[in-house]
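This is what each chain is made of:
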Amino acid sequence: MGRKILLEHENVPGIETLEVYRKMGGYRAAEKAIKSMAPDDVTEEVKKAGLRGRGGAGFPAGMKWSFIDKKSDKPRYLVCNADESEPGTFKDRYLMEKIPHALVEGMIVSSYALGAKTSYIYIRGEYFYVLRILEKAIAEAYEAGLLGKNIFGTDYSLDLYVQIGGGAYICGEETALLESLEGKRGNPRMKPPFPAISGLYASPTVVNNVETIAAVPHIVNMSGDEYAKIGIERSTGTKLISASGHINKPGVYEIELGLPVEEFIYSDEYCGGIKDGRKLKAMIAGGSSVPILPAHLITKTANGDARLMTYESLSDGGFASGTMLGSGGFIIMDETACIVRHTWTLARFYHHESCGQCSPCREGTGWMEKVLHRIEHGHGTMKDIDLLVDISKKIEGNTICPLGDAAAWPVASAIRHFREEFEYHVLNPEKIKDPKHFEKEPFVSSVTQNA
Amino acid sequence: MAKVTIDGVEIEVPDGTTILNAARSAGGDIVPPAMCYYSKLEGSGGKCRTCLVKVTQGSTNDPRPMPKLVPSCRTNVMDGMVVENITSPQVLEARKGVVEFLLINHPLDCPICDQAGECDLQNLGFKHGAVNTRFEEERRTYEKIDIGDKIKLHMDRCILCYRCTFVADQVAEGGRCHGVINRGDHAEISTYIEKAIDSDFSGNMIDVCPVGALTDKTARFGSRVWFTKPMDAHRDCDHPKCSGKVVVWEKGDEILRVTGRKDQYNEVESFICNTCRFEKKKTSDWVIEGPRHIDRKSVVSLNHYEHLKDIKEDILKYQKQISENLNKG
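Quick mapping for you: the protein sequence lines, in order, are chains A and B.
Under the numbering used here, think of the first position of the first sequence as 771, with each following residue one higher.
Under the numbering used here, think of the first position of the second sequence as 464, with each following residue one higher.
Keep in mind that the hints were calculated from the coordinates and are not lab data.
Warning: the hint list may mix true and false statements.
[To be verified] Below are the DSS-like pairs computed for lysine-lysine, each with C-alpha atoms no more than 30 Å apart in a straight line:
no. : chain 1 : residue 1 : chain 2 : residue 2
1   : A       : K817      : B       : K531
2   : B       : K607      : A       : K954
3   : B       : K503      : A       : K954
4   : B       : K775      : B       : K607
5   : A       : K961      : B       : K559
6   : B       : K531      : A       : K1163
7   : B       : K531      : A       : K954
Make the full structure from the sequences, and use the hints.
Structure, rendered in structure tokens:
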């Protein structure tokens, strides 16, 4: 059994209530931090722990905190990004639903470290029932004196609010989230200035993912050095993985970073192998926007090492033969899946979710969707495949926010690794008429066969 | 002051200047094209991505190059910064991509568009675009909308530069009632459920529009722009914020259209009020100063004899010379 930190008490009955949560050792970290540690010490511990942002980018959290403008005379804000909208990712929902106080405590400790007097949790519109759970937890914390004025009898005061979004994917991007939180249209802002200098209401702001914030109390409890011992090298700690797709046991799993991908897919403790004993075809490691990998690159990297669930190992080989850990939305596809159909579905999603502010993303995502739709429905040409590659290249890196990249990578990587399948669609329009065309007769690629 | 090198040209500008404005201060080919940035509108820019440039050296203190292409209209110069615009194949490639993206859903109805001839997108496409389109799908279309009683919105032609919404916010008075609704490639300019804009300055959104999406209903389909004569003119406008300095576009002795005075980057020198723009259509309303300078490369210069007076004088001078020479024998 791997070590569990965040989900250690997930199955304790009543863990969603303050009483049981405190019985299980909850709010000890908040008390320890506020009563006996200076704010900068908490930041220092998080730095030592090597905790990296769990929302997708993997930026070191302690470093992000230290960028906050302390000279500014404006109030500082901590905003928790609970707008978990990446297709294939559902870990934050699980955590907030099961152990809401883990997030509330994390917010208290993190806000204290940053010197924030007001903090916000921005939660996506579809998680309406989670909003109720969180609000109940916050009300309990206020009643127990864990939030509000003079927490633990000290002069530190904190107000915590939950704000519900309208259900837009783009509001998961931190600056769009801040715009939306301010009550404006959720368009990403131009950077610089970064939120650490001018964020919410033009004040210094830190935006962190739910899982990142929930990990902070544990770091305070066990000390940063101790936390850094879990995991491998620069990938420290545990990570929640949302496993879905053609596997026997889909769900949210907490893993120690450094677990081999092969073990994660096939061991009974985690995914429990591929459904119905079929062959593995493709994997998306970190939510829909990271590059897809073909079977021969999943368990081993291009140079033959075992692939591990770490930030570094998954991105080994760059985008030519690697991917990213991202937000931990782990999707497995077996041989019955059609990569073209899958790519089209994703392109449709990004087309729908593009905010329309900058031209490459606004026009390019729609264009890619239309071309993919054509190929999937048997009206494509060989030229269309090259066209897709070209469009994705022209979007990537030229947009205001990472949504453009997120839309371009899945298309580019699918063609990079599964070009034969795209060509098959162009050459055999009759065979792909049935939407479930690969379920009866899986497509065999020469690359996988030789590997 | 900061010293910045753009395409090998060294320029010294005050701190806090953007790369685009630094390039404009030098002028010439090194100026990146801009479709959404408008120096007189706060917060504009960064959206169209046509002004992307490559920063090969961040500054003297931190010489690392910037990892991505940056929008020159929203990136401030640093001392010792080295920028590549037209000398970088990567920039030209990205710009070509942006132009293609801007054009895929554009109706290309230039033959019937009032903006043709003075359209930024036309110029941009001419300079940076491809000859053919690779877009085979159906283009998106919208219903035409009236923005107030004098302005027509052709959403099909819009490139969503957001300039007009900034005009509504910052120049026109009367609160915010003009913005963008919907998202992605369905986004459209709207006056919030078609609430008409009746501000005194709303007409300026026609001038800031880089394409033919917003047109003057009092002049629509009046004439091709290159058949009209642009003349600098002014009048004593009693609106305190209006400068009264305009360009009147004449055909014969008739004034077809009144616009602000636009500089070489197609930005107006000062905003004008709706009375001047829409209602003063008689020559007697205006004091005509003389022909407007039009860039020789522009199609508008086709029918435009800016130096007619000089030519007249020249001819007279030469006639005199010739007759004198003849007299001398």
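In rising order, the numbers of the hints this structure does not comply with: 4
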